[in-house]
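Engineer: Sequence:
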Amino acid sequence: IKPGTDMALILAWTHVIIKEGWYDKDYVNKYTIGFEELQKEVQPY
Numbered sequence: 410i411k412p413g414t415d416m417a418l419i420l421a422w423t424h425v426i427i428k429e430g431w432y433d434k435d436y437v438n439k440y441t442i443g444f445e446e447l448q449k450e451v452q453p454y
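Take 410 as the starting number for the sequence shown in this note's numbering and just add one per residue.
Source of the hints: derived by calculation from the structure; they are not laboratory data.
Hints should not be assumed to be uniformly reliable.
What the hints assert, rightly or not - Here are the computed lysine-lysine pairs in the DSS-like style, where the Cα-Cα straight-line distance is at most 25 Å:
(1) Lys428 <-> Lys439
(2) Lys449 <-> Lys428
(3) Lys449 <-> Lys439
(4) Lys411 <-> Lys434
Claimed, not checked - Pairwise CB distance ranges (calculated):
(5) Leu418 <-> Lys449: 27 to 35 Å
(6) Lys411 <-> Asp433: 28 to 36 Å
(7) Leu447 <-> Lys411: 35 to 43 Å
(8) Leu447 <-> Pro412: 18 to 26 Å
(9) Ile410 <-> Leu447: 18 to 26 Å
In this text, all values refer to a predicted model and were calculated from it rather than measured experimentally.
Beta carbons are placed, not taken as given, at the ideal position from N, Cα and C, and that holds for glycine.
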């Protein structure tokens with residue numbers, strides 16, 4: 410990983426995790442705020 414590119418990598422991982430459904434949906438629905446915005450933010454990655 411080149412310096413300064415770690416955020417792009419994290420956003421790409423987040424995109425894949427959300428897209429593939431590899432997260433605890435019940436937990437996210439119960440304990441988080443703004444998940445829909447996060448989904449929109451990571452779509453380009």
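Engineer: Would you mind marking each hint as holding or not holding in the structure?
Structural biologist: Taking the hints in turn, this is what the structure says about them:
Proposed proximity of Lys428 and Lys439 is supported: the alpha carbons are some 19 Å apart, at most 25 Å. The hinted pair formed by Lys449 and Lys428 meets the criterion: a straight-line CA distance of about 11 Å does not exceed 25 Å. Among the hinted pairs, Lys449 with Lys439 is consistent with the structure: their alpha-carbon atoms are about 19 Å apart, no more than 25 Å. Among the hinted pairs, Lys411 with Lys434 is inconsistent with the structure: their alpha-carbon atoms are about 32 Å apart, more than 25 Å.
For Leu418 paired with Lys449, a C-beta distance near 19 Å fails the hint of 27 to 35 Å. Restraint check, Lys411 to Asp433: a C-beta distance of roughly 32 Å satisfies the suggested window 28 to 36 Å. Between Leu447 and Lys411 the Cβ separation comes to about 24 Å, which falls outside the hinted range of 35 to 43 Å. At about 25 Å, the CB distance of Leu447 to Pro412 agrees with the hint of 18 to 26 Å.
Between Ile410 and Leu447 the beta carbon distance is about 22 Å. The supplied range of 18 to 26 Å therefore holds.
When the structure is compared with the earlier hints, violations turn up for hints 4, 5, 7 and for no others.
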